[in-house]
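Colleague: Chain by chain, the residues:
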Amino acid sequence: MIACAHAQRLLPLLYDGELESPLRRELSRHVTDCSVCTRTVALLNRSQELLCQTIDDHIDDVDFSGFWQGVEAKLSQPPPFWRTRVSGWRESWLAFWSWRTPVWATAMAVIVLAAVQFLLPPSPQEQVTKSLVSENNQAQIESLSTSNPVLVWNEPTHHATVIWVGDESMEEQR
Amino acid sequence: MEQSDWELVRQCKSGDRQAFRELVERYQRKTVAIAFGIVHDREDALEVAQEAFAKAFTSIQKFKEEASFYTWLYRITVNLAIDRQRQKNRQPLLDRDDQGEGEGGGIEAMPDSADTDPFEKVKDKELGERIREALDELTPAHKAVILLREVEGLSYEEISDVLQCSRGTVMSRLHYARKKLQSRLRDDL
Ligand SMILES: [Zn+2]
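These protein sequence lines map, in sequence, to chains A and B. Heads up: the first sequence begins at 1 in the working numbering, then just goes up one per residue. Heads up: the second sequence begins at 1001 in the working numbering, then just goes up one per residue.
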């Protein structure tokens, strides 16, 4: 005897005609005697009916009289220039190299690596440098992110502010 | 006697357009239905289906006869419909709203029929809207699976051939799509 929980999992397969006997026969017998499974099959049936009806209603309304002429019109359109070039290149490339997957995988890997490199947020050093762009003899630091000690002081004689970041390579002066 | 798809395909391969016309007439309705289920617009669906046939004819030499013609044709259709839908989704919302109001709009634009009961019409319209919403919540791949199974009646094997995925993927996508549809149509089931 098939358990109801197991039967429930198999019902879509039964409904879609994807089960072979004897399981199909056994399941069909269970459905006849089980109200839960009968309801599940009815649900599958009704939702299919509604979907088909909705699509059919629209397709019934379509005028197919000029359909073939539309296909012919598309057939007589010359392919775009770039497509001819690309497909020509592709054909010759494939004839030259038959290992398609590794080629594409390698190309994609290179593109992804390049994109990651390009899209990564700039390092703290770059952030400081970028935000120190001068305009009208003034500059604004919007953020400074570092784990090293930072010292800031004003030098009134030269109208300058000095910022020291505790790393030899990161000394900036204004 | 009606010629088989294979016989017609063989004639197409030797450049016979009349044979291809017969294949077009055989599959035009099904092809438009698949495209419509994905793009939700009659004009777009017609355009996609015609493009799919044109593409099928121009690449008929590449068609290997161990597969069936219609699964190959449906694959081209599904891919073109998905591309079309993506293009539409990239359009500004305002454009899309305008199109919805227009001629041959989305699923919500049910056909007018003089002898339809007005109450039934409203009910049908609401139902059509709910089905459209349910389909819209699905990814194109899920949409394609449920359409190919429920509307076109393809087997799992054929669907996996159309969508170039495993039978297990077909089963899990179908399960998910059905649950989604059933949850939207709870009151109508
Ligand atoms: Zn049961």
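Take these hints with a grain of salt, some might be off.
The list that follows gives simulated cross-link-like pairs (lysine to any residue, SDA-like), each with its CA atoms no further than 20 Å apart [stated by the list, open to error]:
(1) Lys1180(B) with Thr40(A)
(2) Lys1180(B) with Gly70(A)
(3) Lys1179(B) with Asp57(A)
(4) Lys1125(B) with Asp1187(B)
(5) Lys1125(B) with Asp1136(B)
(6) Lys74(A) with Glu1025(B)
(7) Lys1179(B) with Trp68(A)
(8) Lys1179(B) with Gln48(A)
(9) Lys1179(B) with Tyr15(A)
(10) Lys1055(B) with Ala1019(B)
(11) Lys74(A) with Leu1080(B)
(12) Lys1030(B) with Thr40(A)
(13) Lys1062(B) with Leu75(A)
(14) Lys74(A) with Arg1017(B)
(15) Lys1055(B) with Gln77(A)
(16) Lys1030(B) with Gly1015(B)
(17) Lys1055(B) with Asp57(A)
(18) Lys1030(B) with Arg1090(B)
(19) Lys1055(B) with Trp68(A)
(20) Lys1180(B) with Ala42(A)
(21) Lys1030(B) with Ala42(A)
(22) Lys1030(B) with His6(A)
(23) Lys1179(B) with Leu11(A)
(24) Lys1180(B) with Gln48(A)
(25) Lys1180(B) with Asp16(A)
Everything labelled a hint here was simulated from the structure, so no lab data went into it.
Colleague: Now, for every hint given, state plainly whether the structure supports it.
Modeller: Hints, one by one, checked against the model:
About 15 Å separates the Cα atoms of Lys1180(B) and Thr40(A), which keeps this hinted pair within 20 Å; it holds. For the hint pairing Lys1180(B) with Gly70(A), the CA-to-CA distance comes to about 36 Å; that exceeds 20 Å, so the pair is violated. Distance restraint check for Lys1179(B) and Asp57(A): the Cα-Cα separation of roughly 23 Å exceeds the 20 Å cut-off, and the hinted pair is therefore not satisfied. Distance check on the hinted pair: Lys1125(B) and Asp1187(B) sit about 15 Å apart at the alpha-carbon level, within 20 Å; holds.
The straight-line distance between the Cα atoms of Lys1125(B) and Asp1136(B) is roughly 16 Å, inside the 20 Å bound, and the hint therefore holds. Simply put, Lys74(A) and Glu1025(B) have alpha-carbon atoms about 16 Å apart, close enough for the 20 Å limit, and the pair holds. At roughly 38 Å between alpha-carbon atoms, Lys1179(B) and Trp68(A) are farther apart than 20 Å, so this suggested pair is violated. This hinted pair checks out: Lys1179(B) and Gln48(A) have alpha carbons roughly 12 Å apart, not beyond 20 Å.
Note on Lys1179(B) and Tyr15(A): the hinted pairing holds, with a Cα-Cα distance of about 15 Å set against a maximum of 20 Å. Restraint check for Lys1055(B) and Ala1019(B): satisfied, since their Cα atoms lie roughly 15 Å apart, inside the 20 Å limit. At most 20 Å may separate the alpha-carbon atoms for a hinted pair to count; Lys74(A) and Leu1080(B) meet this at roughly 14 Å. With a C-alpha separation of about 28 Å, the suggested pairing of Lys1030(B) with Thr40(A) is violated against the 20 Å cut-off.
At most 20 Å may separate the alpha-carbon atoms for a hinted pair to count; Lys1062(B) and Leu75(A) meet this at roughly 17 Å. Note on Lys74(A) and Arg1017(B): the hinted pairing holds, with a Cα-Cα distance of about 13 Å set against a maximum of 20 Å. A threshold of 20 Å between alpha carbons decides the hint, and for Lys1055(B) with Gln77(A) the separation of about 11 Å falls inside it, so the pair holds. Note on Lys1030(B) and Gly1015(B): the hinted pairing is violated, with a Cα-Cα distance of about 24 Å set against a maximum of 20 Å.
Straight-line distance between C-alpha atoms of Lys1055(B) and Asp57(A) comes to about 27 Å, which puts the hinted pair past the 20 Å bound. Between Lys1030(B) and Arg1090(B) the alpha-carbon distance is near 27 Å, which puts this suggested pair outside the 20 Å criterion. Of the supplied pair hints, the one linking Lys1055(B) and Trp68(A) holds, its CA atoms being roughly 14 Å apart against a limit of 20 Å. Taking the CA atoms of Lys1180(B) and Ala42(A), the gap is near 16 Å; set against the 20 Å cutoff, the hint holds.
With a C-alpha separation of about 25 Å, the suggested pair Lys1030(B) and Ala42(A) falls outside the 20 Å cut-off, and the hint is violated. A threshold of 20 Å between alpha carbons decides the hint, and for Lys1030(B) with His6(A) the separation of about 35 Å lies outside it, so the pair is violated. At most 20 Å may separate the alpha-carbon atoms for a hinted pair to count; Lys1179(B) and Leu11(A) meet this at roughly 13 Å. At most 20 Å may separate the alpha-carbon atoms for a hinted pair to count; Lys1180(B) and Gln48(A) meet this at roughly 13 Å.
About 18 Å separates the Cα atoms of Lys1180(B) and Asp16(A), which keeps this hinted pair within 20 Å; it holds.
Of the numbered hints given earlier, the model fails hints 2, 3, 7, 12, 16, 17, 18, 21 and 22; all others are met.
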